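Sequence order for the protein chains is E and S.
For the first sequence, numbering that gives the first Met the number 0 gives the first residue as 0, with consecutive numbering after it.
For the second sequence, numbering that gives the first Met the number 0 gives the first residue as 0, with consecutive numbering after it.
Since the hints were derived computationally from the structure, they do not count as laboratory data.
Some clues are possibly wrong.
Which copy? The list can't say, so a pair holds if one copy fits it or any two copies do.
[Unchecked claim] DSBU-like mimics (lysine-lysine), calculated; alpha carbons at most 30 Å apart, straight line:
hint : residue 1 : residue 2
1    : Lys52     : Lys121
2    : Lys48     : Lys115
3    : Lys52     : Lys115
4    : Lys42     : Lys115
For clarity, every value in this text was computed on a predicted model and none was experimentally measured.
Protein chains: 2
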Amino acid sequence: MEKPAVAEPADPPPYFQAHVFVCCNRRPDGHPRGSCAARGSEKLRDYMKVRAKELGLRGVRVNQAGCLDRCEFGPTLVIYPEGVWYRPETPADVDEILATHLQAGGRVPRLMLTEKDVPPPKR
Amino acid sequence: MEKPAVAEPADPPPYFQAHVFVCCNRRPDGHPRGSCAARGSEKLRDYMKVRAKELGLRGVRVNQAGCLDRCEFGPTLVIYPEGVWYRPETPADVDEILATHLQAGGRVPRLMLTEKDVPPPKR
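Hey, can you work out the whole structure from these sequences and the hints?
Here it is as C-alpha cells:
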C-alpha cells in the first residue's frame, strides 16, 4: 500500500475578502510609458478609500501600491484574490467598480484590462 | 424548462502568477501600533525585489504597498492570489519565502500570519 501523503495544513482564511491595490507610481514628466500618478491615480485612490468606507464595505481594503507595470493603461488597479484589473478614469468609474464588483460580486467589462493589454517589449 | 442562465465571460487569465505586496507604511516614531517601515520593511522590500530578479522568477511581481493594517505584526507582506501573509524580519527570511513559497509552491509556516494575528480593537 502506498504511504498516505502528508497533507500540508490549509492556509489561514483570507484576512480581507477583497484587497484592492491602486497604482500610484509617478514617473518623471515626459517618460514614454507615462505613469498612473501622472494620469490622476492618487485622486482616484483617495476617492475610492473614502467611498469604500462610506459604503461600509466589510472585508474590503483599498491600498496604494508601487508600479504595477501596466503603465500604458493607467490609472490601473487590481482586485485580489480574483486578480481582476481595471482602468478607472473618473470617480464615476470608481463608483461603478465599487457597486458592481465589490458590492455585487459582478464585473465591469468596459473598464477591465485583458490579456491583450500588455506593455510593448523593453528595448 | 428553465431558461439557461446567461454565463458571465470568464475573467482574463492572471497577469502575474504571484503578486507580492510588502507594506512600507511609516508612522511617526512612538505611535502605539508601530509600523512596518519603522521595523525595516523598506530594506526587505529592496532585497526581495533584487533577489526575485536575480533568481529569474517568471510571473512574480514584488511591489510596495501602503498600510496593510496588520501593523503590530510587521514587517508584513501578502502574496496573492493565495492571500498568504508573512512577517519576515531578515533577508534570510525573505530568501526562505522566495525559495519555499514562490519557487517551490510551498509554505513557510514559522513566518506566516494566521487568523489569530489581529490588531487590538480600535478605541
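Now the hints, each set against the structure:
1. Only between protomers do Lys52 and Lys121 lie at most 30 Å apart by alpha-carbon distance; the minimum there is 15 Å, versus 39 Å within a single protomer.
2. In this homomeric assembly, Lys48 and Lys115 come within 30 Å of each other (Cα to Cα) both inside a single copy, at 29 Å, and across copies, at 26 Å.
3. In this assembly of identical chains, the alpha carbons of Lys52 and Lys115 lie at most 30 Å apart only when taken from different copies (24 Å versus 33 Å within one copy).
4. Taking the shortest alpha-carbon separations for Lys42 and Lys115, only the intra-copy value of 27 Å comes in at or below 30 Å, while the best inter-copy value is 34 Å.
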